[in-house]
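Protein chains in written order, with the working numbering: chain A, 1 to 292; chain B, 1 to 257; chain C, 1 to 330.
In short, the hints are calculated from the structure, not lab data.
Subject to a maximum C-alpha distance of 30 Å in a straight line, what follows is the list of computed BS3-like cross-link-like pairs (lysine-lysine):
#1 Lys264/A / Lys132/A
#2 Lys106/C / Lys264/A
#3 Lys106/C / Lys167/A
#4 Lys59/B / Lys5/B
#5 Lys106/C / Lys74/B
#6 Lys279/A / Lys264/A
#7 Lys108/B / Lys106/C
#8 Lys117/A / Lys264/A
#9 Lys5/B / Lys74/B
#10 Lys279/A / Lys106/C
#11 Lys108/B / Lys74/B
#12 Lys59/B / Lys74/B
#13 Lys74/B / Lys279/A
#14 Lys279/A / Lys167/A
One side of the interface only, derived from the structure: several residues of chain B facing chain C at Cβ under 7 Å:
#15 Ser50
#16 Pro72
#17 Val101
Quick caveat: nothing in here was measured; it's all calculated off a predicted structure. Note that CB positions come from ideal geometry on N, CA and C, so glycine has one too.
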Amino acid sequence: MFDQILQFVLTGITVGATYALVALGFAIIYNASDAVNFSQGEFVMLGAMGTIAFSAGNGLPLWLAAVCAVLVVICVGMMLQRFAIAPARGASVVTTIIITIGASIFLRGVALLLWGKDIFGMPHFSGEQPIKIGEATLLPQNLWVMGGAAVLVLGVHYFFNHTTNGKAILACSYNRTAAHLVGINVSMMMLIAYGLSALLGSLAGILVAPITFTSYDAGVMLGLKGFSAAILGGFGNPMGAVAGGLLLGLIESLTAGLISSGYKDAIGFIILLLVLFFKPSGIFGKASAERV
Amino acid sequence: MTLLKVSGLSKSFGGVTAISDLDFEVPRDQVYSVIGPNGAGKTTLFNMLSGIYRPDEGKIRFLDNEIVGRQPHKVAELGVSRTFQNLQMFFNMSVLDNVKVGCHLRTKSRLWNTALRLPGTRREERQAELWARESLHFCDLEQYLQRDAGALPYGVLKRLEIARALAAAPQLLLMDEPAAGLNDTETKQMRRLIRRISEAGITVLLVEHNMGLVMEVSDRILVIDYGSRLAEGSPAEIQNNPRVIEAYLGGEVEYAV
Amino acid sequence: MSHHRGFYLLTFVAVVLPLAFPDNYFVTVVGVTAALHAILAVSLNLLMGYAGQISLGHAGFFGIGAYVSAILTTRYGWNPWPAIIAGLGLTCVIAFTLARPILRLKGHYLAMATLGLGIIINIVLVQAGDFTGGPDGLGEIPTLSLFGWQVDSDLRWYIVIVSVLLLVVWLALNIINSRSGRALRALHGSEVAAEMMGINTTATKTGVFVLAAMIASMAGSLFAYQQAFVSPDSFSFFFSIELVTMVVLGGMASTYGAIMGAIILTFLPEFLVVFEDFEVMIFGAILMLMMIFLPQGLFVGLRNLLRRIVAGRRSAAEAAEPEESGRDAA
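With the sequences and hints as input, model every part of the structure.
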């Protein structure tokens, strides 16, 4: 029994690491521009699909394909900011939400056009020899996911707390006008934020694709769950988002294993609703009071 | 006769005390002003009087009813109406519709009645239209009748908010900085409007920074500083009160010999 | 009153169309689907456009109505009419219970909560196979009949659904141009001011949420009988987004806009069949471009354009007239 649970935990952490990266992407964009990017999941999908496309047939070696795909997705993220989000600045919340939902549908449509509805796999980075931990098994790819996610999260943490650009982006989120006035190039910071978010998303997709496979609509649920994770952890709090992602992955995996795998997707949203009903600021967020 | 009686009112936010042990009474049919330096807690007071905030301690008695613990719409039902420091206009509606919303409490059609256009609803609509026009006329806003609220100058919007509040036929009108952002002409208009409202039998509780306006229009003035009562009295008494002078100007005034 | 004129025009068109084109696929088949979508869009418009509460889960209530009708008629032998009422009842209970906690939220949080609700409903529809038939759905749903008049042809469904649409539009217009409608718009404009005018914002929001949900449920029941088949695919998150698109496309606070949006988005795929592969991409592009350049929607955008053209022509005509003697006495 314990080994079973251990297995679920390991799977949960792997899935959770992916959610964590997606949630972190949401948090970064929200922190920078007060917008929720509903196409975050599509960054993940495009990273994976792009890598597969570049390396298909007699294409590039996997690592180079991945680099190209990531660069493409970063461009996509920046273009999204520049051409869809920036022109609509000052628009209502509903408008911005629908713009990013439109972007998500658009990107999915492009993927559908290029690659159809097929499901694609990606070769594992370092073989498929299972590693045994007690009675539970772990694939090397799982370690890639967990390790990769950890590195990225630490990198983001360093970026925001110890680099000028990172702090500049945070400044933009606290007070855009003041940031302008102290000489921060706000437009550039927005682009960087979206680019960074796209980087995280696409890498998450590449890391996990060997295990979960991918297709044109793989990003939808991932995006939604990543958003749930971000809310669970405390929206706007980057480290909270990561914690939320891991937690969501664990709960999902345990639910799937111990209760029912059919309702696995539902548990994430049920938790989301509970959090929104009882503590919208999430686990690590502060409850805030509005000034009238 | 006392319309509003506040006793022992206190409110803190986190570690910041906004209002501390405040007592005062507002007599009927008067213009009662509350003044004080910025941050003294005046808008917090108004928010508590309208039921938007709940005080930590204290009681607010309006006629025979206790306000503390009531939802804002219930406080409005008792006969209290207000305008806001940060204009809260319904920009998605026309001028007339804005004021008609003020008539909400004087009509009673429910969702089902209106959906099915039962007979009573049409009569009520006509009545609401009449009341709204009266209110606009009272505030000199008839010329804007056909306009959308979104396209009006600031001074007009301030008066429109008052027209909307008056359409509810309140007994007590809370006015939060009605003269803020107005030029001299508009301020004079506002003064006349406030006096007209008072003469119409509505008790006015006013928060305002424009001292000229306050002194000219008020019957009684309450000065608060750091959330507590500093002084209370007629305009003349307040103007000559040394503690008030000190609070506003800070310390003794030295005269050159 | 202008809204009356619009309603008469709508009724006129609705009646004339099948008379003029009785066997036209676009009228009797696509038109019926468009009318059904219009019912949903009008109800969502009340919630989103007038009351300002974003909902990304409206397809969920559509699904509840459809499945309750389907299950009760196929598995328990109920008559279709009371099955509609049962659907309304269940929807009312669910919507009422969830309204208060959900509508406390605003902006993104509200969007996500309604989204989550819609997805949970969809997952339940897929998973509770014993009741719902699972991903394969439920078939052989009986049709409606009114005193022996069986609704078993495209034309008869046109009559039923378009009649319901006209009824719903009539109700919506009545609400909007009344105290209740003003209360809805007030709470969208400024919740705190609405409260101070005596509007119980919580009760009002709940009321419109439940009303919109119940209209969607009724549409769902009709859909189930019309198609004689239901499957979870029709009640997905994507359909919720489509509904939001219809409302937004036509123009947020506009009932006719919602109808227009529904018609456009139902007919568009028919004409884009050639571009089938591009369909999803074009849909996404439309959404983005609309919200960036014309956020107030087509209906309002077109109306403003027309106004400007008329005003432009008028002032051009005035400028072209020879100047009257404006200079009289010195």
